[in-house]
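Spelled out, the chains give:
4 protein chains.
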Amino acid sequence: MIAILKKNADESAVSHLVSWIEKKGLEAHVSQGTDELIIGLVGDTTKIDPFLLESMDIVERVQRVSEPFKKANRKFHPTDTVVDCGFGVKIGGGNFQVIAGPCSVEGENLIRIARRVKAAGATMLRGGAYKPRTSPYAYQGMGVEGLDLLCEARAELGMPIVTEIMDPRDVQIFLDKKIDVMQIGARNAQNFPLLKEVGKTQTPILLKRGMSGTIDELLMAAEYIMSEGNDNVILCERGIRTFETRTRNTFDLNAVPVLHYLSHLPVVADPSHATGYTRYVEPMALAATAAGADGLEIEVHDDPSHAWSDGAQALTPDMFDDVMRRIQIIREAITPEAGA
Amino acid sequence: MIAILKKNADESAVSHLVSWIEKKGLEAHVSQGTDELIIGLVGDTTKIDPFLLESMDIVERVQRVSEPFKKANRKFHPTDTVVDCGFGVKIGGGNFQVIAGPCSVEGENLIRIARRVKAAGATMLRGGAYKPRTSPYAYQGMGVEGLDLLCEARAELGMPIVTEIMDPRDVQIFLDKKIDVMQIGARNAQNFPLLKEVGKTQTPILLKRGMSGTIDELLMAAEYIMSEGNDNVILCERGIRTFETRTRNTFDLNAVPVLHYLSHLPVVADPSHATGYTRYVEPMALAATAAGADGLEIEVHDDPSHAWSDGAQALTPDMFDDVMRRIQIIREAITPEAGA
Amino acid sequence: MIAILKKNADESAVSHLVSWIEKKGLEAHVSQGTDELIIGLVGDTTKIDPFLLESMDIVERVQRVSEPFKKANRKFHPTDTVVDCGFGVKIGGGNFQVIAGPCSVEGENLIRIARRVKAAGATMLRGGAYKPRTSPYAYQGMGVEGLDLLCEARAELGMPIVTEIMDPRDVQIFLDKKIDVMQIGARNAQNFPLLKEVGKTQTPILLKRGMSGTIDELLMAAEYIMSEGNDNVILCERGIRTFETRTRNTFDLNAVPVLHYLSHLPVVADPSHATGYTRYVEPMALAATAAGADGLEIEVHDDPSHAWSDGAQALTPDMFDDVMRRIQIIREAITPEAGA
Amino acid sequence: MIAILKKNADESAVSHLVSWIEKKGLEAHVSQGTDELIIGLVGDTTKIDPFLLESMDIVERVQRVSEPFKKANRKFHPTDTVVDCGFGVKIGGGNFQVIAGPCSVEGENLIRIARRVKAAGATMLRGGAYKPRTSPYAYQGMGVEGLDLLCEARAELGMPIVTEIMDPRDVQIFLDKKIDVMQIGARNAQNFPLLKEVGKTQTPILLKRGMSGTIDELLMAAEYIMSEGNDNVILCERGIRTFETRTRNTFDLNAVPVLHYLSHLPVVADPSHATGYTRYVEPMALAATAAGADGLEIEVHDDPSHAWSDGAQALTPDMFDDVMRRIQIIREAITPEAGA
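Chains as they are written, first to last, in this note's numbering: chain A, 1193 to 1532; chain B, 1193 to 1532; chain C, 1193 to 1532; chain D, 1193 to 1532.
No lab work stands behind these hints, which were simulated from the structure alone.
This list has only true hints and no planted wrong ones.
Derived Cβ-Cβ restraints for the label pairs, each shown as a range:
no. : chain 1 : residue 1 : chain 2 : residue 2 : range
1   : C       : Thr-1508  : A       : Thr-1271  : 25 to 33 Å
2   : C       : Tyr-1331  : D       : Glu-1203  : 26 to 34 Å
3   : B       : Phe-1279  : A       : Glu-1300  : 52 to 60 Å
Calculated lysine to aspartate or glutamate pairs in the EDC-like style (CA-CA distance at most 16 Å, straight line):
no. : chain 1 : residue 1 : chain 2 : residue 2
4   : A       : Lys-1239  : A       : Glu-1219
5   : B       : Lys-1267  : C       : Glu-1228
6   : A       : Lys-1198  : D       : Glu-1259
7   : D       : Lys-1267  : A       : Asp-1249
8   : D       : Lys-1262  : D       : Asp-1408
C-beta: ideal position from N, C-alpha, C; glycine also.
Kindly generate the complete structure, drawing on both the sequences and the hints.
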């Protein structure tokens, strides 16, 4: 961290600042910049609040040099992380996977949908048993019964299951059921007790970006999980909130290459939530693939108009077949050879 | 809810839609609009996903008629709610209160700061014992020990205490300590398990708007708490996330009169988080008062440069004295008589 | 347009509203909805301000039925518009074109860069002669001399040139020079005198979305041009402004399929401005192609570190070769046959 | 400007960068920071594109030290600027003024409204003759005839008139009519040819913040005007675009104290456009006053339901009387003495 001091900063104020920094356990390297003094802070800069430093009278600007995320940072882990989701399904480092299934687990249609998405090439099955809904009066999910239906589908089809966890008190149930991938939704992207709790497991975590979460905050949320010991984190771009209302969210696909640049963790994209309308899911699934995502999460329902949630954005199995065929071609377009 | 159908909607498709609506347990009133058909949905429209309805082929637009929040809605409760926070401190319905104190409970300075803010006219004491921090490496709060320090200050000064709760597993501790007001922070504005859990108590809840939360979502979060039986909800505007970076957040003071228009619940504003810099807290505290807020939450620290969190936005006790004096005048300016 | 009245709307107030509507030259069709009255407004609803209508005491909500854009609306022009940019280069309706070249026209390097991008497959040449810069102290462009250099490059290479116009007083110069495509930049997306002025020509217009422009506002800007008689409008998504700072803008690729759904006009995407960093341009160029864009606009410079503007986001000619090769494969992936 | 280099930056690359900087006419001061090299750039840093610098391989981060605005910067002009708008009406430096009148000049009602707002205490008259409308089919203003009506009202009432200019070709007309204050609207906040053109006059300019304009961009727009020689710039916060839809814009009142901190120019706030609804104008007018604005711009109409534009946000003259009375009290609350 570097503090650039105001011109004409008083000498005694400077030495006061230096001793303040040293009391926090860091070293303060003062160097004459151009026509201003620069103080370099060496040591554990997480102990310094940059806003506070910048608010001090003699300080003009503060600039972080190092990112606040460490374990998620590609600088310290240049090699892509590959997360093993079970059943031989690996994601990241060149391994591309499609997670598909209904928004909510609703009953026996789960297995029907699961068979279709598997046949089309999906390698992981999604379905929500605990549903975060804006309204307390909306359907809240089947709960444990939904988890059981997912486990039955897994047993028949031999594919990992992905399902959302909202409450730190539910982690034990998810462990008991051996849920393959626990999903943290956008609304819990900064639910720190939950992040810490899933961080104590070794279960892969599909971590969604918050609706107003910056890319850095997503990586800090990953850091919460990793700092507790769980390195199996899969990042997910699912759209952010902006002023545009023609789609449910604004799909920030820039985040895919940016996350790959900043971090070694796999990056998945969710075109279903990012658009909110069935008719836009296919083009945006293809776009996400072309942007270099390591996987997609797509909602598929065999009777969208009767889905218990988010039917507006579900693909039918036939549409999903179409998407999967095109994805193969796009994956070829982004191999190193294709540019040669 | 009203569905406006596309021109030339096929008759059999219309009757299919009508029966779909009826299967959901609602009535469908078809009326010829201008040159399009309109279907009015009567009954429990929470069972209908408006996005799904709008995604149907024959539907052009869907318009909610009634707001999805009921218990928080002024239409059904025209009179202002007054929340009793204990020690005779009431907020709402003309009762204006200032909550002040340090960002974090840090130790024995709490009581020193508390005495000063009380002397200046604050009627409630704030201080964080559990701190939601973007970084897992940042200070996470004193926990139970912090609650105890707050309780000691309360005992000496006879004023209610306000402190943040982040984890549904902590509700019992907060009840045991008889915390007067439980604060739900911006990051937990859609942490539904937490909202439900505090909804099962009768403790007043200071509910902060999420960083990307719409006004409607804030009211839906209140609805989560109220639908569990706790009507003692105080809403709080604390700034939203936008593209502007000169301040920590963008203070949406429009939300104060909008929330008063839509809801009967008291509305508090937090100029400390909404600006992020000490130098902007005073003008924005006055602005929030002039906008008609029922109270303010302000961070005060007697040694901001050594605060354990958010020192950049803390007022000193002397600055706080100044703010409190000006607030009195502004409160007069917005009485009914002042306009006459 | 439909106005949904409040429950218990007073009968005399309703008839007052009806006569107000009729005075504006529209018909008001009153129909009993479910338990509220609905007024359908028939006629030229552009004469009604929906905000004003909604602000009236007895009105609960107002819902537009028809979009305010007419000439740009696919409903009234179901077939894709194909814009002829000269030299046989057509865009839209299945015709895909890549516009490439330096951000600014700087001198003789223009022709060198132009040869390279043409060789790689670009079909149109871009270069700015008039530069909109945030700072008055930054380089403002070569002006007429820059237009002349573009014309020389056109003469040699036989490809249309695309260049930005910022001032309605410059239209005549652009016409005199027979500029093939006039570009309207993001900052002028609602510069209505400029839109009207270029609307009086028949020159194709590359119309960029404003930084905070909604999709509907982009279409209304197109409508301004078209309402003056120029139907040759090419829409361009170039990133919007959000809270994310890791990229220069947030690339809203959702806009590509949304614009295709709402409008018949061709849609181009600009991954250079939408990301702001060279390293992200390639993946996002591919993503835009996969999303179904009718073309791309990409900045290419043979010595980015000496570019006079926007060197940070320029591709080198070698990088551009690589992108062009991959684009071909992606174009195949989105043909109708590829899904079969 | 300071460039912080990556750890292990290659020595030859560093000297290459140094010579690149020097070729731009600046000096490069290299200093060993903590464990990274820092290059301080001395000289005219407007010649350096910070994005480009940051995109270079060996550069980790770039930090501006000085703001890009000079003439608008309080650092170089510590004293508040007072703009003289004619008729003895001065704004800034403790002088508070209220600009009021109809959104559009519509005809003879202008003088009726003008008399009322003057009687209530407004000191400047507003009214739009050239209207920037999202739709080309909406009312576009009376043009010159509207200017004449404003001039007549001015002649009768002896108060300066404020009216919007949208087209650089209209400057001469505005000068001929001796318009007292030319307003630049939000949509033209980065219309640089227009800014330059009004910068060549000495007429006071009321410069509105763009819908997605940062505070720094607003100051850079002021800089455009001032760099041409016109120092009579009044800044105006009128709401920015965010995700919130319950109001027309989000009123960023934080901008008032931030602009006062960064700049010496007067700051006006426009609660009419910032809220969009009559019922919210009064509380937000009071809030803006309490935040320290040097003036307000408020739309007043004596028959809002028949206003030709923006009737939804107009105050009636009676409402305006009420606001003006309360403003007086709030102005007292923010005098230095009130805090003592």
